[in-house]
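The primary structure of each chain is shown beneath.
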Amino acid sequence: MPEVTTVILNQAGINRALTRIAHEILEHNKGTEDLVLIGIRTGGDHIAGDLADRIAAIEGEKPPLGAIDITMYRDDLDSRGSLPLGRTEVPFDVDGRKIVLVDDVLYTGRTIRAAMDALIDLGRPRNIQLAVLIDRGHRELPIRPDYVGRNVPTSREEDVAVDFDAERHPCEVRLIKP
Amino acid sequence: MSFGHKHILGIEHLSREDIFQILDTAAGFKEINTRAIKKVPTLRGRTIINLFFEASTRTRTSFEIAGKRLSADTVNISASSSSVVKGETLEDTARNIEAMHPDIIVMRHGASGAPHYLAERLDCAIVNAGDGAHEHPSQALLDLFTIREKKGSLEGLKVAIVGDIAHSRVARSNLYALTRVGAEVRLAGPGTMVPPGIEKLGAEVHHDINDAIRDADVVMMLRIQLERQGKTLLPSLREFSRFYGLNQDNLKLARPDALVMHPGPMNRGVEIASSVADGPQNVILDQVENGVAVRMALLYLVAGGEATEES
Numbered sequence: 001m002p003e004v005t006t007v008i009l010n011q012a013g014i015n016r017a018l019t020r021i022a023h024e025i026l027e028h029n030k031g032t033e034d035l036v037l038i039g040i041r042t043g044g045d046h047i048a049g050d051l052a053d054r055i056a057a058i059e060g061e062k063p064p065l066g067a068i069d070i071t072m073y074r075d076d077l078d079s080r081g082s083l084p085l086g087r088t089e090v091p092f093d094v095d096g097r098k099i100v101l102v103d104d105v106l107y108t109g110r111t112i113r114a115a116m117d118a119l120i121d122l123g124r125p126r127n128i129q130l131a132v133l134i135d136r137g138h139r140e141l142p143i144r145p146d147y148v149g150r151n152v153p154t155s156r157e158e159d160v161a162v163d164f165d166a167e168r169h170p171c172e173v174r175l176i177k178p
Numbered sequence: 179m180s181f182g183h184k185h186i187l188g189i190e191h192l193s194r195e196d197i198f199q200i201l202d203t204a205a206g207f208k209e210i211n212t213r214a215i216k217k218v219p220t221l222r223g224r225t226i227i228n229l230f231f232e233a234s235t236r237t238r239t240s241f242e243i244a245g246k247r248l249s250a251d252t253v254n255i256s257a258s259s260s261s262v263v264k265g266e267t268l269e270d271t272a273r274n275i276e277a278m279h280p281d282i283i284v285m286r287h288g289a290s291g292a293p294h295y296l297a298e299r300l301d302c303a304i305v306n307a308g309d310g311a312h313e314h315p316s317q318a319l320l321d322l323f324t325i326r327e328k329k330g331s332l333e334g335l336k337v338a339i340v341g342d343i344a345h346s347r348v349a350r351s352n353l354y355a356l357t358r359v360g361a362e363v364r365l366a367g368p369g370t371m372v373p374p375g376i377e378k379l380g381a382e383v384h385h386d387i388n389d390a391i392r393d394a395d396v397v398m399m400l401r402i403q404l405e406r407q408g409k410t411l412l413p414s415l416r417e418f419s420r421f422y423g424l425n426q427d428n429l430k431l432a433r434p435d436a437l438v439m440h441p442g443p444m445n446r447g448v449e450i451a452s453s454v455a456d457g458p459q460n461v462i463l464d465q466v467e468n469g470v471a472v473r474m475a476l477l478y479l480v481a482g483g484e485a486t487e488e489s
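Protein chains in written order, with our numbering: chain H, 1 to 178; chain W, 179 to 489.
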């Protein structure tokens, strides 16, 4: 059976969703004071960079940007083995900060659990909020996003792919049916 | 992608890709060592036994810290305080330890091949922390990590390794590792301390330290093992120091940005002058710092075992 791919979000749709999320983040946090964006590698870090640029365009101030790799915090070393390690780069103190954790696709919630553990090992943030481009459901942990680009009902057999252009901006989201 | 080896017994059996996978993994772990909270839960619930039949402070502490920072439980056993002194064989010691279900045994032994012997007989993963005059893989890997960090790459670099080559597991592991990643290795030492035929492993052999050091990007000095064979192979330490010691004068022959390395513990004034050991080109403490990250990578990669599911 050939794969069937459907575009569920095009460039214009992604732009509208991310601009709205940028506004929502600013509204909820009443500006950029103590606000930082931290993306989860790989994918979430690119989206965090995009959101930081949009926030800067609206507010005139760019929030500090970080990236975390959650491989060391996974709960599946036994079943998936030693996956390649990425770099964690958080070049600022997280103590007392309002952290917006950014990922491209929210699925079981296990990645977010690992990311929150990783963040808390770096210090004591004032709060952690969650922004995702796509929420595809099927949560296995009590985790919900604060900012969502698009809710996409999926089955577990399907896959959601976010494509990035050469400048690492998200340009298309596709639903892949097996 | 999983690591293709159950054990780390030596560099000899690692490919260039394996070596770079280890170095890249270590680069990811290095950041943890500078955090306020130096711990990640990666190996929570795993037990690592450091089984040391030979004296070691640096390597054993480094492996112990590496395991602890990954949240593994680490237990140290040294030969002087174990049943080895009561006459137990290596295999019996190891079988008794294995009955307590460790996941990894990190092992140092005075006999070449001892870790290979246990790897064939036990189920847990074995990491060689030095076997006789054979290999010391984690030392070579932390040396490569340090060189790559300082020089940007490894390919084409000229690396001089000077001293007692014949009895040095550090030299052997570095020779395998450096040639595999495309560096040029020059060995130098007195005739009694350079094993015949070692050039077949891809190294240039010199008996004049100046020829080895000239234009080198890295000068790696080996420790004269005073407690072992110093007496029979050398007329005197003073003579060795004069002909094979690194000092400010002969270091000028190397490239001005050459790195000075030493696996420790140093015999100041014998193989390396204090002015060089403390000089601006030395990266000796960087080697020690990077050792923890490299050993974290080794423990993580062998702990992953063979993956049961493709990612």
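One thing to keep in mind: the hints can contain errors.
[Stated by the list, open to error] Below, a list of computed lysine-lysine pairs in the BS3-like style, where the Cα atoms sit at most 30 Å apart:
{"hint": "1", "chain 1": "H", "residue 1": "LYS177", "chain 2": "H", "residue 2": "LYS98"}
{"hint": "2", "chain 1": "W", "residue 1": "LYS216", "chain 2": "H", "residue 2": "LYS98"}
{"hint": "3", "chain 1": "H", "residue 1": "LYS98", "chain 2": "W", "residue 2": "LYS208"}
[Claimed, not checked] Stretch-level coverage of chain W by chain H, calculated; a stretch enters the list once three of its residues show a Cβ under 8 Å from a Cβ in chain H:
{"hint": "4", "region": "196 to 203"}
{"hint": "5", "region": "294 to 306"}
If you're looking for bench data, these hints aren't it; they were derived computationally from the structure.
Glycine included, every Cβ here is placed at the ideal spot set by N, Cα and C.
Structure-based check of all given hints:
Our distance criterion of 30 Å between C-alpha atoms is broken by H:LYS177 and H:LYS98, whose separation comes to about 37 Å. A threshold of 30 Å between alpha carbons decides the hint, and for W:LYS216 with H:LYS98 the separation of about 23 Å falls inside it, so the pair holds. Taking the CA atoms of H:LYS98 and W:LYS208, the gap is near 26 Å; set against the 30 Å cutoff, the hint holds. A stretch counts as covered by a chain when three or more of its residues have a beta carbon under 8 Å from one of that chain; for the region 196 to 203 of chain W and chain H the count is 3, and the coverage holds.
Using a Cβ-Cβ cut-off of 8 Å, 0 residues of the region 294 to 306 of chain W lie near chain H, which falls short of the minimum of three, so the contact claim is violated.
Checked against the numbered hints listed earlier, the structure breaks hints 1, 5; every other hint is satisfied.
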